[in-house]
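The residues making up each chain are set out below.
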Amino acid sequence: MKKRTLKWLCAAVLGATALIGAASAAMADDVTIAMLPKFKGENYFDACKGGAQEAAEELGITLLYDGPSQDQATNQKQVDILEGWIAQGVDAICVSPNDPTAIAPTLQKAQAMGIKVITFDADAQEDSRDLFINQITADAAAAGLLNAAAQDLKAKGYSNDNPANIALVSSSGTDANQMAWEKAIDVLLATDEYSFMVIKNRDTDVIYPGTDETKVNSECATMIGRMGEGEDKIQAAIGLSSMATPALGAQYESAAEKPDVEKTALTGLATPNALKTYIKDETNPLNSGVLWSCADLGYLAIQGAYQMVTGDITSESTSIEAGRLGEKVIENKECILGDALIFNAENVDEFDY
Amino acid sequence: MNRRKKASLMSTEFFLAVFLLVILVFMRIAAKEFYSKNNFMSLLNTYSYTLIASIGMEMIILTSNIDVSTGALISVVCLLLAAIGKLGAPFAVLLPVAMAAGAFLSFLNGLLITKLKIPAIVATLATTQIFQGSLNMVSEGSIYDLPASYTWLAFKAKLPGGIPASVLICLICTVFGLIFMKYSRFSRKIYAIGNNKTSARLTGINVEKTILATYAFAGVFFGISAVIIGTAGQRVTTTMGSGLEMTFIAAVVLGGTSSAGGSGTLLGTVFGAFILSMISPAINYLGISSNWSDAIKGAVILISVLVSAARNIKKKRVIPSVSGGGVS
Amino acid sequence: MKKKTFRMTFNLALFLIWIVIFLFIGLRSPYFFKPAYLISTMLRNIVEIGMVALPMTMIILTGGIDLSVGNILVLSCMLGGMSAAATGSSVVGILVIALVGLLCGFINGIVITKAKIPPMITTLSTMYLYLGIARGISQGNSVYSFPAAAWMGNTIIGSYTDPVQLPVQILFYLVLAVVFVIAVQKSSFGRKLFAIGLNENAVRYCGIDTDRIKIIVYTVSGLVCALASIIWLGRFTSVKYDAGTSFNLKVITIVVLGGTSINGGVGDMKGTLLATLIIATLNSGLTVMNIPIDAQTIIQGVVLLISLIAFSIASQRARSRKVIKVVSQEKG
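Protein chains in written order, with numbering that gives the first Met the number 0: chain S, 0 to 352; chain D, 0 to 327; chain A, 0 to 331.
Isolated chain S, as found in the complex (with noise of 0.2 Å):
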């Protein structure tokens, strides 16, 4: 009887080595900001925590970083990740929500704590957040990514007389930013401007694949498959995430027979660098790719996280003075970032994240 709890004994001493090899540093006594991406593990949030590690060491702050892994970007798991930061009282909070409402409430359990509270790439509910650090306006991206699809759709020969059918490939259906971007793209439609470009129908032409990526890459397929020319087919597709847009690059160039490279466009958000290839590639119908600065993005989110802390600016400041980016603008607590930058074969090369 004795020797057998022994042997739970050891089972349990083992489990306890599992844990000491995972043990992480005691945390210093300084200003510490944690930073919550909506998931880890994929490039373009690997450039903000980049740009957040920066600011960081600038500032001589702790930084936190983590996250879900990409297969299980839910809301709970970033629950999870912000209670543990509230019991240890950091100074601040950035996070990207994967759901707006969702992480609400543990956002406002976070500032009744004290604890700031910053947004940046995709915004929460306002009353639960001091700062939203955005990247860009709706409209502003809308009118980068239409932009990018018209001048290549205009330079293939369409106009108002010979309009051309667009989709749209978005995120999960859920994401304020797809939202907000897919309305402005709506409102920008309706204009002069971009009239010659017009989403068929809503059902089939907008898809919704998930962060699953066998299935972003099988529904892209299907995607390129109703490209053509004619008007029961699709000329430009644009994808709004930056894993549908490399997968739309990608099924074209696997694809069996390929949509004719003169009358076919596709474009979209995407990391420069996960679209340099195809970019280069004269034969494949993607010339250009849309993006804000990721590294300038986690700069910006952990300076405004700092200056909040140390209270060189309230929720009511007009603008921030951002180290190396110089004076930004806010507004009804939202900062805003730049505008979209539209990269092609001519400066893909001069960006690497």
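Fair warning: there could be bad hints in the mix.
Stated by the list, open to error - With a straight-line Cα cutoff of 20 Å, these simulated EDC-like cross-link-like pairs (lysine to aspartate or glutamate) come out: (1) D:K36 x S:E256; (2) D:K85 x S:D348; (3) D:K155 x S:D280; (4) S:K257 x D:E12; (5) D:K155 x S:E256; (6) D:K157 x S:D280; (7) S:K155 x S:E345; (8) S:K327 x S:E53; (9) D:K36 x S:E230; (10) D:K181 x D:E12; (11) D:K85 x S:D351; (12) S:K155 x S:D129.
Don't read these hints as lab results, they were simulated from the structure. Note that the coordinates shown come from a computational prediction; the quantities given were computed from them, not determined experimentally.
Once you have looked at the hints, place chains D and A on chain S.
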């Protein structure tokens, strides 16, 4: 003679083939565009990796075991491939590496199940977590901008008529699998173990060794499947295979293989995988929102197992025996 | 009698494992031992999973499994949330949630018993079905909470600043846990569950309607999912169709960690409770130590493996003592 013929006509495979044919004809009438070369070829590509991995899953399920770690295993292999692909390794290197890596990881599952006597579903549940977790520890972030040699299979390798080369790989695997499962002595051991482990042991089969070999063998198929999935584009993330295990299990089950092991054929899985692979593109072409694809998938699986259960109950007029173990 | 001592030992081992983990984390992180964190974060976060683990233990005891619980949870709170929003009445919302959960569980039970389709396959296909219906009906959008759900998920007895605060859902969990422990360990119904798991045919020939018992168990599981879904919806204020995906396996992990054999017939409700505590401690404890999520995943996997190995060694020993048992175990 006559009776035997009737039995083969009533088989699950036959029903699935008819069902498949009905869908294909229906799509021909309802949405001609479905048969556009591009769509059909990309469908075949999806089908290829689904079927190849399902062959492995079929073998495992036949021994009355299961593997829920396949998705995570494929993610691990994909990332490994990307790491060596970044160095410029050609397809001729990638394929054997993937097969070896798949076999090794699946062998680990087999060890837990046979040597430590842990039921398959929970053993692979634990390794899923370990695979997935270690993946993100080794490579935080994803591998990008892979060279042309890496994506050769997806982008350049085409058979005459624009058929993707993955179809050829799939064909080889399937033909091999069909012959192997029908005629090899090893496959007879697999069926014997699935039917009754104890009596298999008593007839002199080394049960542990066979199950270990089955897992390793299935891992080879998972590895091949991972090559097709992983080289589809120039960026590989840490979640390439997540969630796929359920699709593979569903393809096997839809194909009429009993989850208690011991009965079922690979031919059924061949049809099952095809039906599952075409649901998503088909409903897109029918103009139905892709939001309904999961519901349709579930309904198809449920209806098909209900139909085959109904036939079984009618066939056996004896007291239905209840499978004691249930899941494992 | 011998079997009983063995079971006690396994629970004792679980308890020791928990103590070791608990103390270890507490000593490493100064923030862990605060009652506010332990109760209103650690326990509050595990309530939904812990609740569903209770009927799941019953299901696994009968030799079955339910892979669709997370999806029943999502589907019922989605339909409940939508109907509450449409009618403006919380009562309707709660009724719809309960009805959907009940119906989903009942469908599982009927298909498993009447069509004789193995539980794994049945619930695998209903998993797709429930997930798909939730996705199709919501068109991928979030569904929002309603007042009654918000009360269930967010009511805290005491305020943020009080040293001791008790989220109301923990009370619900405790009541449910007591009911289930009594039902499984002390009632004749519970003994039938064990018997079905060991040898269903024998139980049937004893004149017990095994189908009825199984249908009850799956339906109860659906109902508990519905209850958990109300709390879930309230806690997160909104729910999306894919929220239940990793939920299923988490629940099964807890049950198995608690010493219930996946082959049925062997297990203990108290083990499930202890395992719930271990998983909760790992989840929240490792988070507060700033261990990255991926390392946490590995650690959970390793803890599960250790427990399985320990359990298998112990049951092998028990097996070698009881020759008759060999036959019944081999059958699984």
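Status of the hints after comparison with the structure:
no.	hint	in the structure
1	D:K36 x S:E256	6 Å, holds
2	D:K85 x S:D348	18 Å, holds
3	D:K155 x S:D280	14 Å, holds
4	S:K257 x D:E12	35 Å, violated
5	D:K155 x S:E256	12 Å, holds
6	D:K157 x S:D280	19 Å, holds
7	S:K155 x S:E345	19 Å, holds
8	S:K327 x S:E53	18 Å, holds
9	D:K36 x S:E230	18 Å, holds
10	D:K181 x D:E12	15 Å, holds
11	D:K85 x S:D351	16 Å, holds
12	S:K155 x S:D129	46 Å, violated
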